[in-house]
Amino acid sequence: MSLRVSVAASAIGCAIGIPVGALVAIARFPGRAVVVVVLNALMGLPAVVVGLVVYLALSRSGPLGHLGLLFTPGAMIVAQTVLVTPLVAALTRQIVEDADGELGEQLRAMGLSTLQRARTLVFDVRFSLAVAVLAAFGRAIAEVGAVLVVGGNIAGHTRTMTTAISLETQKGDLPLALALGFVLLAIVIVVNAAAAALRSHAARRYG
Amino acid sequence: MDVLRRSFLTLAAAALLALPAAAQTSITVASTTSTEQSGLFGHLLPAFKVATGIEVKVVALGTGQALDVARRGDADVVFVHDQAAEEKFVADGYGVKRTPVMYNDFVIVGPADDPAKAAGKDTLEALRKIAAAKAPFVSRGDKSGTHAAELRYWQQAGLDLAAIRSDWYREIGQGMGPALNASSAANAYVLTDRATWLAFRNRGQLRILVEGDVRLFNQYGVILVDPKRHPHVKTEAGQRFIDWLISPAGQKTIADYTIGGEQLFFPNAPKG
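Protein chains in written order, with my numbering: chain A, 1 to 207; chain B, 1 to 272.
No lab work stands behind these hints: they were computed from the structure. Given the structure is predicted, the values throughout are model-derived calculations rather than measurements. Note that CB positions come from ideal geometry on N, CA and C, so glycine has one too. Be aware that one or more of the hints could be misleading.
[Unchecked claim] To be clear about the criterion: a stretch of chain B counts as covered by chain A if any three or more of its residues have a C-beta under 8 Å from a C-beta of chain A, and this derived list gives those stretches:
| id | stretch |
| --- | --- |
| 1 | 56–64 |
| 2 | 71–77 |
[What the hints assert, rightly or not] Each pair of labels, with its calculated beta carbon distance range:
| id | chain 1 | residue 1 | chain 2 | residue 2 | range |
| --- | --- | --- | --- | --- | --- |
| 3 | A | 156 | B | 103 | 25 to 31 Å |
| 4 | A | 37 | B | 266 | 55 to 61 Å |
| 5 | B | 215 | A | 176 | 33 to 39 Å |
| 6 | B | 91 | A | 66 | 24 to 30 Å |
| 7 | A | 192 | B | 217 | 33 to 39 Å |
| 8 | B | 172 | A | 66 | 46 to 52 Å |
| 9 | A | 61 | B | 49 | 27 to 33 Å |
| 10 | A | 203 | B | 26 | 56 to 62 Å |
[Stated by the list, open to error] To list a few chain A residues with every Cβ distance to chain B over 10 Å, as calculated:
| id | residue |
| --- | --- |
| 11 | 43 |
| 12 | 63 |
| 13 | 64 |
| 14 | 205 |
Starting from the given sequences, assemble the full structure and let the hints guide the process.
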């Protein structure tokens with residue numbers, strides 16, 4: 001459950017965050033500095049606040065209540081997506097902007113449009129962007145505040161590793177909570193190791 | 001349009017992942033931390049599923065929060081323990097009818113050496129002694145049924161909490177488990193339901209000091225959220241859950257739940 005929700009949220013977060021971050025990095029428009037500050041600030045968005053806002057929105061008495069998403073994995077994915085998208089966008093912005101500093105002149109000289117340049121640069125730094133993806137996944141899977149509020153920690157349905165750890169701690173079963181913590185840590189390490197292996201393999205293959 | 005196409009593919013994959021595993025009848029029950037953390041639901045719900053095929057999803061909160069969740073229409077059934085609040089919930093038109101299901105009792109636990117000399121059978125006297133000694137006391141402070149009961153006892157003891165409270169009275173604003181963890185860490189007194197206490201493992205120096213007072217009786221009731229107020233409520237499945245809880249089979253399942261040979265909840269639904 002932890003994996004499914006966090007992978008889905010990170011995937012959606014990247015699908016939105018990478019294009020947005022890349023465009024902010026390259027495009028020049030009024031208020032850009034403000035957007036950059038807001039994106040960076042949103043990286044520190046408190047998970048519980050996201051949970052509360054998504055809860056109110058998805059509640060039957062809220063604006064999106066008719067979807068009936070509250071206390072389902074769908075709601076958890078929504079909340080985590082809100083949480084990680086700014087993180088991906090902000091990191092992408094930084095990475096792409098740095099690349100733009102190096103290669104931007106050349107690309108502009110080739111007469112490419114903003115969109116084309118963004119695409120080229122994202123492709124160029126795709127291995128560095130893996131860091132953004134991993135950061136998003138890391139934040140999503142380690143997070144407890146938002147999924148607890150919108151998922152409800154329902155056994156076998158919306159219980160994740162983190163909410164299970166929280167529950168066992170509350171029951172005073174500290175050894176079990178700690179053991180679950182180690183399992184979660186192991187999952188995160190395995191995912192990161194796999195990503196690192198994939199990255200070095202890809203780097204060797206495609207240079 | 002490489003980036004866009006890839007974005008779209010990831011979105012589609014994520015949407016697939018997000019799809020619910022399989023559609024089947026399930027209801028959402030807003031209930032209390034005591035029923036969840038004592039393990040009762042883990043014992044009860046599988047039996048209900050075998051009997052009816054209905055899956056029950058439990059959201060465990062304090063009684064006050066559970067009623068709020070139901071008031072917003074986010075649950076089909078509430079299963080809580082604060083009779084006054086439950087009756088108000090029904091009277092306000094949010095619930096169909098309140099049915100008593102079972103009871104357990106509260107106990108006051110505290111450090112084994114009992115610095116306030118609070119041990120005994122009289123709840124109110126114990127609270128007076130704790131207040132007089134300014135011995136550390138942990139309060140749920142979360143509008144739960146247990147919190148409501150605690151506030152009622154202070155009042156009945158003739159103590160004005162607002163006037164006498166200081167450092168010794170610690171409101172933690174969390175569930176029963178965290179309150180017990182906090183008491184265990186600080187060697188403080190705390191009011192807890194017996195079920196959560198029996199299932200609790202991190203006891204440290206804590207012992208039961210006050211029990212057996214008729215005031216400590218803790219009644220649980222179950223209410224179907226009114227479909228007139230929230231039309232999407234799964235009336236039929238929700239009602240079957242309530243009917244099963246108060247049926248002889250359901251009542252027996254409740255009585256059968258024990259920890260270390262001790263029965264935790266005592267069924268007392270009205271017959272027929």
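Cross-check of the supplied hints:
With a cut-off of 8 Å between beta carbons, the stretch 56–64 of chain B has 4 residues touching chain A; three or more are needed, and the interface restraint holds. For the stretch 71–77 of chain B, the stated coverage by chain A is satisfied: 3 residues place a CB nearer than 8 Å to a CB of that chain, which reaches the threshold of 3. A beta carbon spacing of about 28 Å between residue 156(A) and residue 103(B) agrees with the range 25 to 31 Å that was offered as a hint. Residue 37(A) and residue 266(B) have their C-beta atoms about 60 Å apart, which keeps the hinted 55 to 61 Å range intact.
Between residue 215(B) and residue 176(A) the Cβ separation comes to about 35 Å, which falls inside the hinted range of 33 to 39 Å. Between residue 91(B) and residue 66(A) the CB atoms are about 28 Å apart, so this pair conforms to the stated range of 24 to 30 Å. Against the hinted window of 33 to 39 Å, the Cβ-Cβ separation of residue 192(A) and residue 217(B) comes to about 53 Å, which falls outside the hint. For residue 172(B) and residue 66(A), the Cβ-Cβ distance of about 37 Å falls outside the hinted range of 46 to 52 Å, so the restraint is violated.
A C-beta distance of roughly 29 Å is found between residue 61(A) and residue 49(B), which places it inside the suggested range of 27 to 33 Å. Residue 203(A) and residue 26(B) have their C-beta atoms about 47 Å apart, which leaves the hinted 56 to 62 Å range violated. Chain B leaves residue 43(A) outside its interface by the beta-carbon criterion, the shortest separation being 21 Å against a cut-off of 10 Å. Remark: the non-interface label on residue 63(A) is consistent with the geometry, its nearest Cβ contact in chain B lying 13 Å away (cut-off 10 Å).
Annotated as non-interface, residue 64(A) keeps its C-beta farther than 10 Å from every C-beta of chain B; the closest such distance is 12 Å. No Cβ of chain B approaches the Cβ of residue 205(A) within 10 Å, the least distance being about 18 Å, so the stated non-interface status holds.
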